[in-house]
Each structure stands twice: as C-alpha cells, then as structure tokens.
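Novice: Residue numbers (this note's numbering), protein chains in the order written: chain A, 2 to 317; chain B, 6 to 301; chain C, 59 to 327.
A hint or two may mislead.
Which residues of chain A face chain C? A partial, calculated answer using Cβ under 10 Å [unchecked claim]:
(1) Gly85
(2) Tyr96
(3) Glu100
(4) Leu102
(5) Leu109
(6) Gly111
(7) Tyr141
(8) Trp235
(9) Phe269
I should point out that these hints are in silico values taken from the structure, not numbers from a laboratory.
Ideal placement from N, C-alpha and C gives every residue a C-beta, glycine not left out.
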Amino acid sequence: MLAIETDALSKDYLVGFWRPRPYRALHDLTLAVEHGDIFGFLGPNGAGKSTAIKLLMQLVFPTSGQARILGQPLGDLAVKRRIGFLPENPSFYDYLSAEELLTYFAGLFGIPAAERAARVASVLDRVGLGAERRSRLRSYSKGMVQRVGIAQALINEPDVVFFDEPMSGLDPIGRREIRQLMLDLRARGTTVFFSSHILSDAEALCSQVAIVAQGRLVATGKVSELLSEDQHGWEVVVDGLPATALPQVGARARACTLVHDGRHLLEFAPGDPAELVRLMTEAGGRIVSLHAQRETLEAFFVRRVAAAAVRGAAEP
Amino acid sequence: MTSPAIRAARLIACVAFATAVGLNVTAAGMARPRATTEAPLWLQSPDVARRLSLSFRDLAADVYWVRAVVYYGSERLAPGGEKRYALLYPLLDFSTSLDQRFDVAYSLGAIFLSEGHPGGPGRPDLALQLLAKGRRYEPERWQYAHDMAFVHYWWLKDFRAAATHFEEAARLPAAPLWLRTMAAVTLAKGGDRDAARQLWTQLLDGSEVDWIKRSAVFHLQQIRALDDLDALRGLIERFTARAGRPPSSWDDLVRAGLLRAVPVDPQEVPYVLQNGAPALSPASSLLPLPGHEAGR
Amino acid sequence: MSPVTVGRVAAAVYKESVRDRVPLSMVFFAGVLIAASIFLSQLSAGQDVKIVKDLGLATMNLIGLLISVFVGTGLVAKEIERRSIYAVLSKPVTRSTYLLGKYCGLLLTLASNLAAMAVALYLVLGYFAIATPLPANSTRPPHVDPWLLLPLALLFVQLMVTTAAALFFSTFSGPLLTVLFTLAFWVAGHFGGDLRDYGRVVDSPIAAGVARALYYLLPNFGGLDVKNEVVHGAALDAAAITAAVAAAVTYAVALLGAAAAVFERRDLK
C-alpha cells in the first residue's frame, strides 16, 4: 500500500466573472509516494503545487481523477486523524496564543485532555518556539507563525504530513532546523510530502521528487536517477602538478585553470575515475578532490520547465 | 456525486424553510390586536432626523413619505370604527422637513389630514399647518395657497378665508387665470354646490397624482348624489301632490311615470326611501355626505 | 457530526471573540450609553425611566446586530479570505460540523454580550428605583421590570436568524458582500409589516402579490419586537409571539441547512 497515490488528478477553476471559463490549474497528475519517504514536490510558483495539495486536503474538489491517502479515499475522517497539514503562508487566529491554538487542534483530534498539555509542549519544543508560545499570534513574526504551522501539523503524531512550502518565511538557521525536523520525522517512519520551489531543499532531503510546471507533471523519480542521466564529467583539484607534466595532462582535460600557486582545477569528460587518479599520480600531482560533474537540480529544473513551456505553447 | 451529508443538509434546509414559511403564514393570521400604543417614531424631532440623515436627506424624506402613505392606507382599511392616525402628521412633518420642496407630500398630505371622520383623521387644522410650512419654504408656489383655500372652503366652511387664500394664490407668479374667478365665486356663493363642484373639477383636471384624482372623483360623486337627492325630493313632492299621499316605494314613482327605474347613486348603489324622504343606502360608500349642502 | 467537536469549535470562537477588542468595545460603548441615559433622562419631563428603557433596548438591538453581522461575517468569510480555515478543515472535522460550531460559538458570544448589557441596564434602572420610586398606586410597569428580559430574549431569537443568514451568505461570498447581504436581510425582515400592508395601498395586484409573497418568505422580525409593549406595560399576545419564535427558529435551521449544503462542496481557493 502506498502512502499517497493520485490518479490523473485534474482541476479546473472557473475564471472570469461574466463568462466564466475553466482554467486548468492541474492536469492529469499521477503520483505514487511510498511509506517513509521524504517526497519533494517541486515546481516554480503557480505550477499547481498548492492546487494538488489542496485537492489532497479536500479544500478543493477535483474536476476529474482520484486520489487515496493511506489507501483510503479522500475525505475519510479516520484518515484525517492520521495526517498533518501545513498550508502555504499559514494564518491562524489573531487572538489565541500558540499554546491555545494547539490545544484547540489537539481537542479536534480527540486527544484526551490529560495528554493535551504535554503533547502541545512537546511539539512546540520541537519547532523551537520558546516562551512566546503564550502570547497571542497577532504579535508573531512570519517565521514564528510558520513554526506554529509546522507544530500544528504534527500535533496528532501523523503518519503522513503535507508541508506546503515549509521553508518560506524562515531564516537560514530556521531552514536548517526544519530540514533536521523532516529528517527526524522520516527516522520515525513518517511520510513527508513537501512542496518547494527551492531546489537545494530537495537535493538535501529527498529520495523521491516530482516536478510540475504549468499544471503538468514534467518528471518524477529518484533524485539520483533523475540526475545520473545528466552526469557529464569530472572535476579534479590537484596540488603540486609539475610544470613539465602540465601540457600532457592538460591535453586530456576539457579545461584547466590555475586556482593559486601550485593548485589546478581540471575538468574531464565522463569516463573511469580510476584512470584519472592514475594519470594524476603518475604526473606527480596530489589529488585534493574528485567530483562528479553533474547538472544541478536547479539547471535540470530550468531545462524541464522550459521544455514544458514550449510544449504548452505548441498545444493551446 | 453527492455525499450523504450534502443530501441531509439540503433536506434539512428545504423542510425547515417550508415549515418556517408555514409558521410565518400562521403568525400573520394571528394579527396581533392593534397595540394600544402606536408603532414607534424612532426619532422624535424632524431637526434631529435632518442632521442624522446626512447626505441621504431626500431619500430619508422618501422613506418617511412611504411610511406616511402606508400608515394612512393601513389605518384607513383597518377594522374597527375609530381611526387614530396619530402618527400621520408627524410622519408628514418629518418627510417635509427632510425635503422641504416635497410638494406632493404637502398637497396630498393636506388631503389625507383633512379627510373627515370617521374615515379620516379630520384634522384640517394640521393640514393648514403643513401647507403653511410649505409656503414658508416656497412662498412663490401658488398651489399651497390654493390648497389652503380649499381646506378652508371644503372642510372648515370658512368662505371668507378661502376667498382670501384664493386671491393670494391668484397673485402669485404662474398662477392660472381661473384662480381669480375662484375667489369671486367663493365669496359670492359661499357654500354653493356649484362652486364646490368647480373646485373639485379643477383639482381633478389639474393634478397628476392618482390619489388626488381619486379623492376629487369621490367628492364630485358626493356632490352629484346631493343633486340627485334634491331632484328626487322634487319628484316625491310632485307625486305626493298628484296622489294625495307620499310614495311607499320607488315603484310608485316608476308607475306614475316620474322615474324610469329605481334610482341609483353615482356608485351604482340604489337610493332608499325612508319615511317618504330619499336617502343614500346605508351600504353606500359615499356616506357620510357633507351635511351643509342639504338645501340650496 | 459529533457534538463534542461542535462544542470545541464553538469554544474557540467564543474565546477568540471575547478577546477581540471590537465586540468588547461595542459592549463597553453600550454600557456607557446606557449609563449616560441617566443624564439624558433628566431632560425628558418625567419620562426618564421610559427613555432609559427605550434607549437601553435600542442600544442592545443595534450592538447585537452589529456583532452578529460583523463578527458573524468574520467567522467564515474572513476565515476563508485569510485562509486560516485550511488548517482547521484538514483536521478530522467535517465542514458541516465546523459551520455549526462557528454558529454556536457566535450565539454564545452574543448571549454573553447581551447579558452584560442587560446587567448594565438593570443597574441603571435599579438606581432609578431607589432615587425616584414609582408611587404606590402607579399603573406603570415597575422600574426594575423582569419583563424586559422578554424583548431581550426575542432579540436573541432575531439575532439567531441574522447570524444564520450571515453564515449562509459567507459560504458563497466574500466578507464585504456578506455584510451587505446580511444587513439587507435584516432590513427586509423589519419591513415585514409594511410588506403586508403594501397590498392595501397599491392598485397593481401583481405588486401586491409579490409583496405578500415576500412577506411570507422573509422572516418577520416585527413579530419579535415587543419593546414598545413591554416598556408601556401593554398586553402581549403569547400565541403570536410563540408562533413568531417558532417561525424564526425554523428559519435559522433552514439557513444553516442551506449553508451546509453549499459549503460542503465549495472550493476554498
């Protein structure tokens, strides 16, 4: 059984006041998310990420297609007990404190009154909200509201969590904390489904990603698989390469740059890295680092999105 | 695909709505006994209303005017003999204070107010007060002077005052020529039915307002009924002289060739013969006739 | 639909609205106004207690309406606009439960606000009862008249319908339109009596028929307004009041049902 599956999920919104026309926000989205994964749902702003998550949360209803969470159709209250949701740019009640808000939500999950206070305190600790948890939400900064949003998504110790842009509004330290939190969740066996338009988050966290652009799924798979097809060379940093060996080694390389005295950065075409190591040592150099030169997710993303845009323009 | 929750909600909505409407109808059937107290005037002073209504003054005037008309209508048609009309003047006063050029409110309001008992409030004094207010704001408007003359003439029987107001009206710019003759007619034939007829006819022809026209038609019908009764009295005298006894029914007069059929009043209700004298049927809506015109 | 969940949503609404300064300050303003009527009534030539009662009841009416319309609108329409609703609806709460909870919470708020204002009114009346007691043989109602609770209770019934209307309108329109619709609904409810009599003063049978149909279809708040009778100590018609209350309550149920039917399938973009 999959944690989340969607089957040709589509959503049309009606736009225009006088003569509403359907606008397709999401087109035939088919996804499968395994248990215990951190699944990155990536795409530029306006690609349909939030629409997909709202469909899964039943905040909007699909025009066609279907979806299941934990093997159950959407809207099942028993499933809702086992999931958590952080909306994009969340907003709560101005006049409640974080503690009261979480106590309220804990009540909605039917968590017994005796456990509520401890549960609330523990999730607020996990997102790093200190004494300010007792003041009203209206006085919170955007980053603090974001942390409250993450806390409320975890109040029921969910099996599946949906985070819509979890990093937005956070400073670099906050981002690192939330990354760690997501890794901890995975360690406990929780499935994490998060959307982002920032690829470094996904590279650092995800085993699986899906990329959407203009309402369509453009790629899906393991980060490593999606990227291996794009491996296009090696990058070697060497120290102490004698000037005499340089022309010979340089002839093999695609590029050769002097970094500073005695240290060179060399780029090679794809091939066996062992051979490169031998070449360097025989020439008398000392290898500082050897990197696979691959397309970043960022570049990949740009290329895929551009391709989708071309396709989108070709078929109106 | 409709979930059971939605179907249940729709069912609840429909059943409850139908029940609510049913109860509404039931509650309407239990018309509360007319409260001993009048419906409230929320504001007690027209000046306060003027200030509070800000830039919506004219609209507020219209609201008060509509309230006045609805109030008059519902009082007049309410069951029970005695009509109170206690709020009529305040409502008109508010309306005309909010919109001081609200001519229909003055003219028609004066007609509403002076309408006699038991159908109307019988307050020609308040009618004059209202018209005087209109004249204060628009002294050049001959209609208000004319309406005042009319109230004096018809309701107060003060022919001298009526003539004075007619003259005042006639002197104002844009006054029609017939106003001049009207003053003379009023003085010469105070209480004369012809003069009255002329006044109501002018009102009927000159007004664009249905309510005024209707009122004029009604009073012209009353005057015609008075004429009819005079004529019938003459016929009865002739019959009595000829037969040596008063007629016992209209049939006597018909058989004697004095009448072609049973006479009917201008609203098609047959006249009755009471103790040898003709009269309007008690069922006639023309009752009560203005009394003083009984004889010439 | 679990009553416990309804209660929890209601409690949160109540907690939030009690802390929101807007309704609180309105209630405070009402208290001040009621207290100020002590001075106003000095100018009223012996009608002081009547004026205090009139002013007190009218103020409660107005403030109650404002809270019902503006807070009632904020309940759902503003929560959709601010998207705070997303988190709540992802919890194990059906939309109908959520709506009903919101409704009950606001009724709770209204009831406690009305109670606070009533206490203020009775305090002022108590002052008059001591300062200027009624003569022993007076036929007027007493100063501290328990019957004043009746117009207050009926006001609450009116507000039940108005709040249900605010909730209904907010399931398909934004906050501003909801405020306008709800106010229009309230005004229409108060024109009920005029609509019934409208047929007597117009000639067109169509217009009269439409007015009469509207009279039956709209709630009739006129039947729930007994302020005048109570202040003057006039007789009340228990059967008519009971019928009006029953009509109003079922009307509120109808509006809530319609609100739930619309809201269950609404896309919350």
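Novice: Next step is simple, just say for each hint if it's right about the structure.
Specialist: Hints and how they fare:
The beta carbon of Gly85(A) comes within 8 Å of a beta carbon in chain C, closer than 10 Å, and the hint placing it at the interface holds. Given the 10 Å rule on beta carbons, the hint for Tyr96(A) holds: about 4 Å separates it from the nearest Cβ of chain C. Contact between Glu100(A) and chain C, as hinted, is not supported at the beta carbon level, the nearest pair being about 12 Å apart and thus beyond 10 Å. With a cut of 10 Å, the hint placing Leu102(A) at the interface with chain C holds, because the nearest CB-to-CB distance is about 8 Å.
Annotation: Leu109(A) was flagged as interfacial toward chain C, and the flag holds, the nearest CB pair being 4 Å apart, inside 10 Å. Checking Gly111(A) against chain C by beta carbon gives a least distance of about 8 Å; that is within 10 Å, so the hint holds. Taking 10 Å as the C-beta cut-off, the interface hint given for Tyr141(A) is violated, the closest approach to chain C being about 13 Å. The interface hint given for Trp235(A) is broken, as the beta carbon of that residue sits about 47 Å from the closest beta carbon of chain C, more than 10 Å.
A distance limit of 10 Å between C-beta atoms decides the matter here; for Phe269(A) the minimum to chain C is near 51 Å, and the interface restraint is violated.
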